[in-house]
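Engineer: This is what each chain is made of:
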Amino acid sequence: MKTTRLFVVAMLSAASLLGGCANIEPWVKPYERERLADPIMKFSRDSLDAKHREHVRDVREASRGATGVQGGGCGCN
Amino acid sequence: MCAKPRAAQPACKEAAVAATSTSRWLQWSAPLRRTLRSPDSLRRVAALLGGLMAVGTARAVDLPEERAEGMIHVYNGGGITASGPALLVRKNVADKVSLSAGYYLDAVSNASIDVVTTASPYRERRTEYNVGADYVYRDSMLSLSLSNSKEPDYTASTASLDVSQEVFGGMTTVSMGFTRGSDKVLKHGEPAFADSVTHWQYRFGVTQVLTPKWIASANFEAISDDGFLGSPYRAARVFGAAVQERNPRTRSSRAIKLRAIGDLGNRNAIHAEYRYFCDTWAIKAHTLEGGYSRYFGDLWLADAYVRFYTQKHALFYSDNAQSETLYVSRNRQLSTFNDIGIGAKLSYTWKKVPGKYEIKANGAYELVQYKFKDFTDIRTGSPYSFNANVLQLYVSATF
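So the sequence lines, in the order shown, correspond to chains H and C. The numbering used here puts the first residue of the first sequence at 1, with every later residue one more than the last. The numbering used here puts the first residue of the second sequence at 1, with every later residue one more than the last.
Calculated directly from the structure, the hints in this document are not laboratory data. Just so you know, even glycine gets a beta-carbon here, dropped at the ideal spot from N, CA and C. Warning: the hint list may mix true and false statements.
[Stated by the list, open to error] Example chain C residues on the side facing chain H (calculated, C-beta under 7 Å, incomplete):
{"#": "1", "residue": "A68"}
{"#": "2", "residue": "V74"}
{"#": "3", "residue": "L88"}
{"#": "4", "residue": "V89"}
{"#": "5", "residue": "K91"}
{"#": "6", "residue": "P191"}
{"#": "7", "residue": "N219"}
{"#": "8", "residue": "A260"}
{"#": "9", "residue": "D263"}
{"#": "10", "residue": "T280"}
{"#": "11", "residue": "E289"}
{"#": "12", "residue": "V390"}
{"#": "13", "residue": "S396"}
{"#": "14", "residue": "T398"}
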């Protein structure tokens, strides 16, 4: 419950802070983002590749989360 | 989803503003007129204009691209071999919803050090199915996904809800999500044993375009578990004698990950990432990864990376406990250890019809070396260590 409350407060704070920044001009213009569109600039290019790698690590290391990859649970310990 | 370089739609707005100023137009038109003298440049300009017109009415956020992936994966190390196929299909419906479905099989042959020193080697299968739907509305994406994983003695189901929103003209993507997992734990040969686990995951992330060449992201995730958090088969050691491990029934963890990826020019890129993890079992872990990617010609893309991981053991972990405690475990996943992984990946564009489809063949390999500080191989009396090989062969198609 404590985690849920903290999460909600964090979300509301982030939303109000970001709302105040609505008029900030993007300093990298859309036409300057050509290089960023290349597949080489993606953090993860293929879903299954990332899913398998995260699964291998989750099963053998104690740390977990914040990977940006969603995985299902298992009893693989 | 991350902050994307959406060039087309905002570029239209930029062009419209520019067109209102005659002097600016004259200034801009000089290089344009020079460019138009070359037939090759003319073709490029026509393609650009065509692209701008085609997406003039597009949404701000694009649906995930339609794709299919098929993979054979193999993990081999420490007496365990886990391999099998995995499939993923993603298809758009009505230009607003993207549906996905996945299948993942782990055929496991287990003769790990735990198994050979306290039980008998075994084989089993884990089958996972997952489905998902992503809905796009203006600058937001709403994602819902469900998964189900089955083993003979363990069933896990999860439901996830994620929301992401692009702000600052597409330079920043803010995302948040929630997953609830529910597991059933059984024990082979002991029908009376049945327990359960519930998981709650809360995540928050920001991806930011920093410069025309750099993107960075920060992700945070809090996970809480409640239920049977050990293995009904694993033994701990107390005064040298084997006893059933006893784990706390609750665990809460926090993880934060920072990533950056940058374009070095000449179709080269580097990336770096760091993750810090801590939990209520007193485990602290650090992960550091760095990698380099580059194209070879138009068809080949190669990646190489190095990953370091280190963790400090759980409060109740003991290689051989010298006192009786409420909780005790000899799960080496909770011990103090580090691992180093060196990996490479090669992608080959097999067939490409621009605007229609693209098929790629991919191969990836990683060598990981695990070194345990306080987990003894009781067969030799030395600290345990092993090497593992992780192999992936897959085909990915976008259409």
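Engineer: Run every hint past the structure and note whether it holds.
Structural biologist: So, going through the hints one by one against the coordinates:
1. At a threshold of 7 Å, the smallest CB-CB gap from A68(C) to chain H is about 10 Å, leaving the interface hint violated.
2. The beta carbon of V74(C) is not positioned within 7 Å of any beta carbon in chain H (closest approach about 10 Å), and the interface hint is therefore violated.
3. Hint status for L88(C): holds, given a least beta-carbon distance of 5 Å to chain H, under 7 Å.
4. Interface restraint check for V89(C): the shortest CB-CB distance to chain H comes to about 11 Å, outside 7 Å, so the restraint is violated.
5. Interface restraint check: K91(C) against chain H, minimum CB-CB distance 14 Å, threshold 7 Å, status violated.
6. Annotation: interface hint on P191(C) violated; nearest CB of chain H at approximately 17 Å, more than 7 Å.
7. About 4 Å separates the beta-carbon of N219(C) from the nearest beta-carbon of chain H, less than 7 Å, and the hint is met.
8. Using the Cβ-Cβ criterion of 7 Å, the hint placing A260(C) at the interface with chain H is not satisfied: the shortest such distance is roughly 10 Å.
9. Annotation: interface hint on D263(C) holds; nearest CB of chain H at approximately 5 Å, less than 7 Å.
10. Look at T280(C): its Cβ only gets to about 11 Å from chain H, farther than 7 Å, so that hint breaks.
11. Here the hint on E289(C) is broken, as its CB sits about 11 Å from the closest CB of chain H, past 7 Å.
12. Residue-level restraint check for V390(C) holds (minimum Cβ-Cβ distance to chain H is 6 Å; threshold 7 Å).
13. Taking 7 Å as the C-beta contact cut-off toward chain H, the hint placing S396(C) at the interface holds, the least distance being around 5 Å.
14. Of the supplied interface hints, the one on T398(C) is violated, with its beta-carbon coming no nearer than about 10 Å to a beta-carbon of chain H, more than 7 Å.
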